[in-house]
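Colleague: Below, each chain spelled out in residue letters.
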Amino acid sequence: MSANLIQRSLEDATRPSVRLTLRFDWSLLAAVGGLVTCSLVVIDGATQNAVAGSPHYYTVRQAGACAVGAVLMILVSRIDYSRLREWKYGIYALMLGPIVLVLALGGLTRGSKRWISFPFFQYQPSEIGKLLLVLSISAFVVDRSRRLRERETTTRTMLLALVPAMLVFLQPDLGSGLVYLGIALMVLFVAGTSYRHFLGLFALAGVALALVLAVAPAVGVSVIKPYQLARLTAFLHPSQNPASQGYQQAQSEIAIGAGQRTGRGQTNDTQTRLNFLPDNHTDFVFAVVGERFGFVGASLVLSLFALLIWRGLRILTLAKNLYGTLVAGGIVAMLLFQVIVNAGMTVGVMPITGVPLPLMSYGPSSVLTTFLAAGILQSIYVQGREAAANKGRISVLG
Amino acid sequence: MIQPPSHFDERRPPITPQLAVRVAILGAFAFALFAIIFFRLWFLQVLSGDQYLAKANENRVREIAIPAPRGVIVDDQGRQLVSNRRAEAIQIDPQNLPPSGPRRQALYRRLGAILALAPQRIAHEVFIKTDPRHGLPYAAVTLTTDAALPVYNYVAEHQAELDNAVQITPVFTRDYPRGDLAAQLFGTVGQISPQELKDTVHYRGVRLGTIVGQDGIERAYDHYLRGQNGAERVQIDALGNPKGTVSTTPPAQGQRLKLSLDLGMERAAQDALGQAVANSTGDAGGAVAIDPRTGAIVAMASYPSFDPNIFSKPLSQSVYDQLSKQQPAPLINRAIGGVYPTGSTMKPITATAALGTPKASFTPGYTVDDAGCVTISKRQFCNAGKAVNGSVDLQNAIRVSSDVYFYTVGALLNPIAGEPLQTWMHKLGLGNPSGIDVAGESNGLVPDRAWRAHINDVQVACARRYGPHSLHCFTAGGAPLFSDGRPWAVGDNVNLAVGQGDLEASPLQMAVAYSALQNGGTVVTPHLGVQIEDNQGAVVQQLDVPPTRHVNLPAGEDVIRAGLHDATSQPGGTSYDVFNNFPVPVYGKTGTAQRPPHNDQSWFLCWVDAGQTPKPHGPLVVAVTIENGGFGAQAAAPAARLILSKWVGTPGQFVVGSSKTL
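Going down the list, the sequences are from chains P and G. Taking our numbering, the leading residue of the first sequence gets 1, the next gets one more, and so forth. Taking our numbering, the leading residue of the second sequence gets 1, the next gets one more, and so forth.
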């Protein structure tokens with residue numbers, strides 16, 4: 001990053017607001033709205049019989065989360081995100097604390113401790129943690145933006161991500177842990193870290209992987225749980241053992257394939273309706289789309305995600321300061337990783353991990369996180385456009 | 001994907017070239033990832049959608065077979081011999097069984113208490129029936145088909161407590177309204193076995209779990225009797241819970257099989273055997289009555305018999321052992337599976353062979369002076385009790401059953417090339433399967449030079465392989481098991497001529513041979529199945545059974561017939577006192593076969609020609625044999641008289657004869 005851009009961002013952050021505008025990136029808004037609509041339609045269809053006597057149980061909850069999320073998104077979009085940079089330690093602590101807490105006393109669900117139970121929903125700190133990591137880690141990198149060539153910068157940044165990532169691994173939630181690392185890599189990449197550092201990181205990751213997968217089991221230390229390994233490798237041989245780990249993926253592929261061009265409709269989606277598709281409103285919601293709406297529906301959803309990512313990258317380039325650029329980069333990484341890993345899993349080209357499909361999968365934590373992320377992207381956009389329009393004088397709400 | 005901002009604002013500094021490059025890389029990377037997902041979607045949904053749709057349908061629909069009732073088996077008048085009974089079977093579904101251990105044992109204990117079965121018995125049954133070596137791994141194991149109603153209700157209402165591993169399935173079981181009548185003929189039905197699944201002749205296209213006929217008539221006519229199982233196509237969810245019926249194909253009952261068996265004659269034959277055993281030293285026996293024109297079997301009985309209804313329920317090992325190992329064993333059909341030396345009933349066949357061998361220069365006028373014994377090749381052969389018959393020709397030799405006469409004939413035929421005696425026996429159906437349409441037939445044995453050389457070789461080879469004292473080849477006492485090693489001798493032919501020695505034949509084979517004598521040389525193929533009918537009794541298919549062959553009987557055969565008639569009707573005839581005052585001419589021959597270590601085997605072979613009195617009747621050949629029954633006139637001949645009485649319509653009477661001939 002050039003020095004002048006950083007200086008500008010510092011000036012911008014301290015300049016008082018002059019005017020409030022109601023600017024939005026309408027394409028981004030359309031993508032979010034479209035995905036939420038699809039999500040509600042699909043979840044409503046898939047969960048008709050999930051809760052006896054209450055056919056819209058999940059739909060209502062998802063819609064509630066979306067409504068709250070939309071309000072939060074609009075509010076956040078009016079805030080100057082740059083302020084958040086000052087609270088980086090607080091944000092980092094806010095991310096780490098609940099993750100530690102959930103490990104310590106989280107409710108037990110399917111052998112994984114991922115939630116803190118509240119009366120109306122289960123709060124999953126690793127979800128909002130993704131966004132909090134983006135905000136805090138970007139701030140750390142901005143602070144060290146003049147020392148990006150130093151290996152220490154890269155190391156420290158990666159360590160900052162590695163701590164929550166490892167804690168999330170332990171929950172165990174492999175997928176979310178990988179999202180954390182992906183975010184850190186992306187922030188460094190966008191900030192301009194040398195390619196040699198990345199090569200070093202990948203080499204290190206390779207060694208670590210070898211240790212975990214080959215050496216550790218040999219000496220009797222189980223770092224990765226057997227079921228995780230089985231899930232991760234199931235996509236390599238999906239049909240060999242349809243009764244176990246490969247089963248979910250095989251059923252997901254059958255569901256998607258059976259959707260053919262235009263889908264099987266609401267009454268004929270036997271894979272979903274007869275529960276052959278596991279977790280059909282959460283992790284495998286994309287397979288439900290594929291079965292019910294076919295190639296047309298799946299393509300539409302995928303296109304909306306592509307629009308989302310494209311707008312993210314576009315906003316990245318419009319940011320008024322480096323912090324905005326890095327935050328946008330981190331959010332893009334977070335969304336892209338989840339979309340590709342989740343959709344890839346349902347079509348059988350990615351391993352099975354518990355990564356939700358942003359805005360589509362049922363889950364208030366994930367929905368709220370994604371809405372907040374979209375709000376911050378809007379904020380970066382608004383701030384960037386305001387800065388450009390007003391020769392650097394921008395509006396800040398609050 | 002990423003373009004530089006089109007409305008680039010001059011007042012805003014441009015992004016650095018480095019950032020532009022990196023954003024471009026990110027864009028390209030994201031684009032590539034999306035492209036992979038898109039192409040995968042395209043592949044799954046557009047290119048291979050049909051296959052996945054098929055898989056999805058396969059997933060959701062399970063076919064539950066609705067068993068078809070098997071076809072009914074009726075006698076020649078359409079009276080039911082085998083029908084069906086609807087029952088509810090209590091079965092264990094091996095796929096829902098809890099894993100072996102305390103839970104499974106608890107289930108067996110509970111179920112055992114309900115069904116009054118030992119838990120070990122249930123465990124054993126499940127193990128045997130689902131072991132791939134004996135049974136089918138996934139097929140349901142039937143525990144009972146005849147538990148009382150409260151038991152059914154209890155099981156039906158406590159499915160969950162029984163781990164859902166116990167199911168109640170409607171089944172059709174075979175019902176035998178005539179009890180032990182002709183029990184050995186029908187055979188059993190059961191779920192197709194792994195071996196049978198591979199049998200593409202009998203069971204082509206039969207699906208796993210189908211009930212098929214496994215022996216007897218049920219097996220021979222399984223193709224017609226089996227019917228077409230129906231299917232209920234049920235939609236199921238991922239846990240296998242039924243979610244409603246998609247479609248139902250009703251089962252089609254198997255076709256009706258009409259047998260040539262006549263219920264009245266069958267009962268007469270069964271009763272005749274029972275009376276023969278009761279009134280003699282005999283303990284078992286077989287009888288067959290066939291129409292000599294066609295080979296249609298009118299009656300076929302074996303004693304002792306059993307009630308085949310026990311096979312409709314799961315059979316305990318002890319009951320099965322009792323049926324198969326008890327002596328005499330009720331499961332053996334002695335009319336076709338029992339082979340014995342025939343004694344003097346062979347004499348008409350020997351006479352035919354002699355008349356049919358030009359080189360023997362044998363004529364009906366051939367006379368032998370029967371002094372009670374004859375010495376052939378330095379060995380003495382005698383009549384029973386060394387009875388002296390004086391000078392006898394062929395007709396008289398048959399009437400009085402002169403052994404000396406036929407010993408002489410046997411010796412006469414022995415040196416002639418081509419083994420004429422054996423050849424004629426084979427021509428008339430001995431030593432070969434008759435071709436009857438049910439399994440269980442024994443081939444019998446007509447000993448000849450080649451056979452003797454063969455068993456000598458077998459004995460030598462066995463001793464060479466297992467050692468000179470091995471129990472594979474020798475009795476505990478050291479006697480050879482297969483052969484004493486002597487070559488063929490004239491004495492072998494002499495014995496064969498009177499139905500003794502190594503000869504073995506079944507009542508059915510003898511009946512076929514006598515049919516040829518009756519009908520002028522046609523060797524019929526005996527059969528039970530006559531026609532296939534639909535369930536209303538309309539003929540679907542006539543089962544035509546062509547004769548096996550036709551032989552030209554030699555000149556003088558009428559003398560044999562005359563001799564057989566004299567034997568039943570003239571003083572001195574071997575069964576004269578048995579058939580005294582019988583209203584219809586009978587052509588018959590007694591036989592008494594020595595069968596060490598058993599007592600003598602009592603035989604009688606006879607026929608009546610078609611006639612109008614006392615009631616209209618067709619020709620009928622009857623063969624009766626009684627194990628350990630003594631002389632032919634003592635047990636077999638009176639039984640045959642009872643059967644013929646029923647046929648011609650005269651009151652049956654068990655008349656024991658006094659003849660002490662072999």
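The hints are simulated quantities; they were obtained by calculation from the structure and are not laboratory data. Ideal Cβ positions, reconstructed from N, Cα and C, are used throughout, including at glycine. Check the hints yourself; a few may be wrong.
Which chain P residues face chain G? A few, computed with CB under 10 Å, are given here [claimed, not checked]:
(1) Glu152
(2) Met166
(3) Leu170
(4) Ala255
(5) Ile256
(6) Asp269
(7) Phe276
(8) Ala343
Partner residues are not named here, just some residues of chain P that face chain G (Cβ under 8 Å, in silico) [as the list claims (entries may be wrong)]:
(9) Ala63
(10) Ala67
(11) Ser145
(12) Leu274
(13) Leu336
Chain G regions said to be covered by chain P (calculated; three or more residues, Cβ under 8 Å) [stated by the list, open to error]:
(14) 23-37
(15) 51-59
Colleague: If a hint holds in the structure, say so; if it doesn't, say that too.
Modeller: Here is how each hint holds up against the structure:
1. For P/Glu152, the shortest C-beta to C-beta distance to chain G is roughly 21 Å, which exceeds 10 Å, and the interface hint is violated.
2. Hint on P/Met166 is violated. Least Cβ distance to chain G is approximately 26 Å, over the 10 Å limit.
3. Interface hint at P/Leu170: violated, since its Cβ lies 28 Å from the closest Cβ of chain G, which is beyond the 10 Å cut-off.
4. Taken as an interface hint, P/Ala255 checks out: its beta carbon lies about 7 Å from the nearest beta carbon of chain G, inside 10 Å.
5. Hint status for P/Ile256 relative to chain G: holds, with the closest Cβ pair at about 5 Å, below 10 Å.
6. With its C-beta approaching chain G no nearer than about 9 Å, P/Asp269 sits inside the 10 Å limit, and its interface hint holds.
7. For P/Phe276, the interface hint holds, the least distance from its beta-carbon to any beta-carbon of chain G being 5 Å, beneath 10 Å.
8. Interface restraint check for P/Ala343: the shortest CB-CB distance to chain G comes to about 5 Å, inside 10 Å, so the restraint holds.
9. A least Cβ separation of about 27 Å between P/Ala63 and chain G goes past the 8 Å threshold, and the interface hint is therefore violated.
10. For P/Ala67, the interface hint is violated, the least distance from its beta-carbon to any beta-carbon of chain G being 29 Å, above 8 Å.
11. Residue-level restraint check for P/Ser145 is violated (minimum Cβ-Cβ distance to chain G is 12 Å; threshold 8 Å).
12. Because the smallest distance between the Cβ of P/Leu274 and any Cβ of chain G comes to about 4 Å, under 8 Å, the interface hint for this residue holds.
13. Using the Cβ-Cβ criterion of 8 Å, the hint placing P/Leu336 at the interface with chain G is satisfied: the shortest such distance is roughly 6 Å.
14. Given a C-beta distance limit of less than 8 Å, the hint that chain P covers the region 23-37 of chain G holds, as 8 residues qualify and 3 suffice.
15. Counting residues of the region 51-59 of chain G whose C-beta sits closer than 8 Å to any C-beta of chain P gives 7, which meets the bar of three, so the coverage hint holds.
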